[in-house]
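A.B. asks: Listed below are the residues making up each chain.
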Amino acid sequence: MDTATALAKKRRIYKANTPLLMQGNEACAYGALAAGCMFFGGYPITPSTEIAEILARNLPRVGGHFIQMEDEIASIAAVIGASVAGAKSMTATSGPGFSLMQENLGYAYMAEVPCVVVNVQRGGPSTGLPTKVSQADTMQAKWGTHGDYNPIVLAPSSVKECFDLTIRAFNLAEKYRSPVIILSDEVLGHMREVVNLPDPGDLEITTVQAPVEPPEWYKHFEITPDYLSPMASFGEGYRFHLTGLTHDEYGFPTSKRDEIHNKLEKLRLKIARHIDDISDVRADFMDDAHIMIFAYGSAARASRQAVEIARKKRFKVGLVQPRTLWPFPDKIVKKFLSKVDLVLVPELNQGQLIGEIKRLCDRHIKIVGLNRFDGELITPSQIVDKLKEERP
Amino acid sequence: MVIQKSNVTHEYLRHHKKFPNVWCPGCGIGIAMGAMIRAIDSLGYSKDDVAIVSGIGCTARIPVYLDFNTLHTTHGRPLAFATGVKMANQKLKVIVVSGDGDLLAIGGNHFIHAARRNMDITCILVNNYIYGMTGGQYSPTTPFSKIGTTAPYGMIEQAFDPVSLAKSAGATFIARGTVYHASQLSRMMAQAISKKGFSLVEVISNCHTQYGRLNREGSAVKMINWQKEHSVAVTAAEKMTPEELEGKFVTGVLHDIEKPEYLEEYQKIIDRFDIAGEPAKEEKKLIEEPGPGDKD
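Same order as they appear, the protein sequences are chains A and B. Mapped onto the working numbering, the consecutive letters of the first sequence carry residue numbers 4 to 395. Mapped onto the working numbering, the consecutive letters of the second sequence carry residue numbers 295 to 590.
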């Protein structure tokens, strides 16, 4: 399919530059289509199912493929397979399904396969609260599968951000040849907001660099100076091998010490060396703030309103919202930490992200968590009350 | 005059840094791999148009030696990976190679659903009745009363018959062969690969290192001879009574039917939409519900 046809097909999906009322999950699905997603493999799970339903309806309209697999393990496997064969691919799930996907996600990190996984978080552990909000998979998104690896995790906090960050997720996945996880949640997924979506033709879309060398010289995992290697797909004449075993630059299993070390270093450095490019932090009212609220996703929404209320009550408070959760934006957060003497971390879990703030803080300042895990949102007034309690 | 190519398999092997292979001397997997190569060669496919997908285990090590597009995945999941590969690039001939543990135990769910879905994928199951790579544990095809390191007092579970399992799950082509009958195996694999739909070839193989040693079944040669003595061609089996067939297994093409192939059906859906993504007029009411912004 040529670019003009592909674009014409994408333009049929939603009306651009018009106010539209839609859910976060819908915005994720339309973002995926705009980013050029051509394959979705999924399994129904509340509260993520709308993404699968919308893509089941729309992927054939752009010439792409949707399939409902037999479980989440198969879903992520099919997504990886499709990506290896050249399609931009995605799946969407929630806690229990995200747990099932972990082994194959590890495969995608190891074999450096681009793909996007949306985790619309619900309450856990286990079956937990299928229809209620939570942010308890924050650490699972970073540490979910076994072994050392460096995930890219994005966290939207509004319907528009669901759209924007889905596009960014596809772009980062292609550039860094890695799975990118979008940590949404039940409230964001189901909440409706008015959004103006851009025309698919106006979007900046990254596609993985194709190899320039002839097939006989091609190394699928070439270690380049910037640690980003070009990538061929199945059927393009390169006939490479992919495995989850630790492998050399060609992709063949190895047990040589230097090759093992270099492979794992590459996985680390391709993220670490580009952390400034990957990091995306939004800061509000931080210029003169003595108090920092650090929150992502739905908790950041409540925090933003809390900051507005507290500012009227003369609290010098600001909000820092990471839209890239992992790799953790150490440098940016440290800069803000050096200017404040109180940090409040509202989270819809028992305290996961607060550990990162404590890790980064090298001065003696107060770091307090505000945790809610009863399936409801933290309210702005709860945050304001907590501020009053800490700063009477 | 047909010129017999003497070393056809060599043309399809990767030569750099891959050999010696992981298999024990005398293992049947090499014969199954050779049969698969000859089948692909006989069909005249370009190497670029073939994708071999495998999971984990001895059989799953086949792809690394072959000069195709090769994908060595996680334990039990090759069919799920293959589903994605095939859907994203339908020009590829996708062949899954898997062992009895990989395909029928951890991958059992994917196996029945792949058969039911009827996507054009060929699955080659090398059945040696045991987990070889991990050291001789019992598998879903280990026969009743046989010994495994995790069934030291004899197997008390019942075994799967992969052929009946695939048949009831909906596979459109099923054949069974042995590594003794290597050239027949090759022909059946070629038939399976050419079949439009989900096809299964079960290859009865030998694991003399684990299964043979634990069950005192002797050397590789003895075990491969056992296959010859216990296999009955499907034509001969039709004339035999169930008593006569006791303890034997039937080989040949056992099942070959026509069903709508998944991706052909999917293409029909894609074809309902013309170039601009508009559904054809007569289909418009059927399929297009208003998207966001369409109502105003």
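Check each hint, because a few of them may be wrong.
These stretches of chain B come out as covered by chain A in the derived footprint (C-beta under 8 angstroms, 3 or more residues) [as the list claims (entries may be wrong)]:
| id | region |
| --- | --- |
| 1 | 348 to 361 |
| 2 | 444 to 452 |
| 3 | 555 to 566 |
Below, a sample of chain B positions facing chain A; criterion: calculated Cβ distance under 7 angstroms [to be verified]:
| id | residue |
| --- | --- |
| 4 | 337 |
| 5 | 339 |
| 6 | 342 |
| 7 | 345 |
| 8 | 377 |
| 9 | 378 |
| 10 | 379 |
| 11 | 382 |
| 12 | 384 |
| 13 | 399 |
| 14 | 403 |
| 15 | 457 |
| 16 | 458 |
| 17 | 461 |
| 18 | 462 |
By construction, these hints were calculated from the structure, which means they are not laboratory data. Yeah, the Cβ is synthetic: ideal placement off N, Cα and C, and Gly gets one too.
A.B. asks: State for each hint whether it applies.
C.D. replies: Each hint, compared with the structure:
Figure legend: the region 348 to 361 of chain B, annotated as covered by chain A; annotation consistent (3 residues with Cβ-Cβ distances under 8 angstroms, at least 3 required). A stretch counts as covered by a chain when three or more of its residues have a beta carbon under 8 angstroms from one of that chain; for the region 444 to 452 of chain B and chain A the count is 0, and the coverage is violated. Given as covered by chain A, the region 555 to 566 of chain B passes the check, having 4 residues with a CB less than 8 angstroms from a CB of that chain where 3 are the minimum. The interface hint given for residue 337/B is broken, as the beta carbon of that residue sits about 17 angstroms from the closest beta carbon of chain A, more than 7 angstroms.
Violation of the interface hint for residue 339/B is found here, the shortest Cβ-Cβ separation to chain A being roughly 12 angstroms, above the 7 angstroms cut-off. At its closest, the beta carbon of residue 342/B sits 5 angstroms from a beta carbon of chain A; the interface hint therefore holds under the 7 angstroms criterion. With a cut of 7 angstroms, the hint placing residue 345/B at the interface with chain A holds, because the nearest CB-to-CB distance is about 5 angstroms. At about 5 angstroms, the closest approach between the beta carbon of residue 377/B and any beta carbon in chain A falls short of 7 angstroms, and the interface hint on this residue holds.
Hint status for residue 378/B: holds, given a least beta-carbon distance of 3 angstroms to chain A, under 7 angstroms. Because the smallest distance between the Cβ of residue 379/B and any Cβ of chain A comes to about 4 angstroms, under 7 angstroms, the interface hint for this residue holds. Among the interface hints, the one on residue 382/B holds; its C-beta lies about 4 angstroms from the nearest C-beta in chain A, closer than the 7 angstroms criterion. Below 7 angstroms, beta-carbon pairs count as interface contacts, and residue 384/B has none with chain A, the closest being about 9 angstroms; its hint is therefore violated.
With a cut of 7 angstroms, the hint placing residue 399/B at the interface with chain A is violated, because the nearest CB-to-CB distance is about 14 angstroms. A least Cβ separation of about 6 angstroms between residue 403/B and chain A falls short of the 7 angstroms threshold, and the interface hint therefore holds. Checking residue 457/B against chain A: minimum C-beta separation of about 21 angstroms lies over 7 angstroms; hint violated. Against a cut-off of 7 angstroms between C-beta atoms, the interface hint on residue 458/B is violated, since the closest Cβ of chain A lies about 20 angstroms away.
Checking residue 461/B against chain A: minimum C-beta separation of about 19 angstroms lies over 7 angstroms; hint violated. Hint status for residue 462/B: violated, given a least beta-carbon distance of 16 angstroms to chain A, over 7 angstroms.
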